[in-house]
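J.: Sequences are here, hints too, so could you generate the full structure?
Residue numbers are given in numbering that gives the first Met the number 0: position 50 of the sequence shown equals residue 49, and the series is strictly consecutive.
Think of the hints as simulated: they come from the structure by calculation, not from any bench. Keep in mind that the hints are not guaranteed to be accurate.
Beta-carbon label-pair distances, calculated as ranges [to be verified]:
#, residue 1, residue 2, range
1, L132, P105, 30 to 36 angstroms
2, S3, A32, 42 to 48 angstroms
3, S3, P145, 56 to 62 angstroms
4, A169, P136, 40 to 46 angstroms
5, L74, A96, 22 to 28 angstroms
6, L80, L29, 22 to 28 angstroms
7, P145, T4, 53 to 59 angstroms
8, P34, A148, 17 to 23 angstroms
9, K41, A21, 15 to 21 angstroms
10, T4, E170, 41 to 47 angstroms
11, I144, F109, 23 to 29 angstroms
12, L7, S138, 46 to 52 angstroms
13, L132, P34, 28 to 34 angstroms
14, T8, F76, 30 to 36 angstroms
Predicted model only: the values in this text are computed from it and were never measured. By construction, the Cβ of each residue, glycine as well, lies at the ideal position given by its N, Cα and C atoms.
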Amino acid sequence: MTASTIKLTATPEDHHVAKMAAVALGLTVLENAIPSPLPGVKPGLANIVTLIVLARYGWRMAAWVSLLRVVAGSLLFGNFLAPGFFLSLSGAVFSLAALAISMHLPQRWFGAVTHSILAAFAHIAGQMMVVYLWLIPHSGIAYLIPIFATAALVFGTVNGIIAARFIEAAEQPQTEPHA
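T.: Listed below in structure tokens is the structure:
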């Protein structure tokens, strides 16, 4: 019996996805170090990276970055296949779906801030659905919706503004300083 090996060749795009996912994972680690006044309410700093990747490289690459961050983060924090993983995964999948749809909105009126807000609301919707259908099948969780919706609006707006600034800075022509 001979052993066969599979050789995978990484493309420059693969390397870039890995780098962006690593940056997003670093922001996730930072975010987890910040105490939250309310369980489940986080600023979603890693979504800034996803928005930048979406604007510069498209939805497919943004999806890879987001999903790699979710899986790597769950492995890093020891909650892979635990309820927290599925909450994070559902939020990411719903926000990616919202981003896929929102990319077709007129760019003249809709940009990174709009994408971020829509993704934040979709993220919360995905998580609330998992909570209701699996973890706490009780209508009382509906009382939390205004709190989470407010957080989604605030953090979605702030993250969108930050992402928009990075996107604008990357689009500006680089000028060399005069000596």
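J.: All the hints need checking, so say for each whether the structure fits it.
T.: Verification of the supplied hints:
1. Against the hinted window of 30 to 36 angstroms, the Cβ-Cβ separation of L132 and P105 comes to about 35 angstroms, which satisfies the hint.
2. Restraint check, S3 to A32: a C-beta distance of roughly 44 angstroms satisfies the suggested window 42 to 48 angstroms.
3. Between S3 and P145 the beta carbons are some 57 angstroms apart, a value that agrees with the proposed interval 56 to 62 angstroms.
4. Between A169 and P136 the Cβ separation comes to about 45 angstroms, which falls inside the hinted range of 40 to 46 angstroms.
5. Separated by about 24 angstroms at the C-beta atoms, L74 and A96 satisfy the suggested range of 22 to 28 angstroms.
6. At about 24 angstroms, the beta-carbon gap between L80 and L29 stays in the expected band of 22 to 28 angstroms.
7. Remark: the range hint 53 to 59 angstroms for P145 to T4 is upheld by a beta-carbon distance near 55 angstroms.
8. Separation of P34 from A148 is about 22 angstroms and conforms to the stated range, judged on CB atoms against 17 to 23 angstroms.
9. The beta-carbon spacing between K41 and A21, approximately 19 angstroms, falls within the hinted interval of 15 to 21 angstroms.
10. Between T4 and E170 the C-beta distance comes to about 43 angstroms, which sits within the given range of 41 to 47 angstroms.
11. Between I144 and F109 the beta carbons are some 24 angstroms apart, a value that agrees with the proposed interval 23 to 29 angstroms.
12. Here the CB-CB span from L7 to S138 is close to 48 angstroms, well matched to the stated 46 to 52 angstroms.
13. A C-beta distance of roughly 29 angstroms is found between L132 and P34, which places it inside the suggested range of 28 to 34 angstroms.
14. Evaluation of the 30 to 36 angstroms hint for T8 and F76 yields a pass: the beta carbon distance comes to about 31 angstroms.
Of the numbered hints listed earlier, not one is contradicted by the structure.
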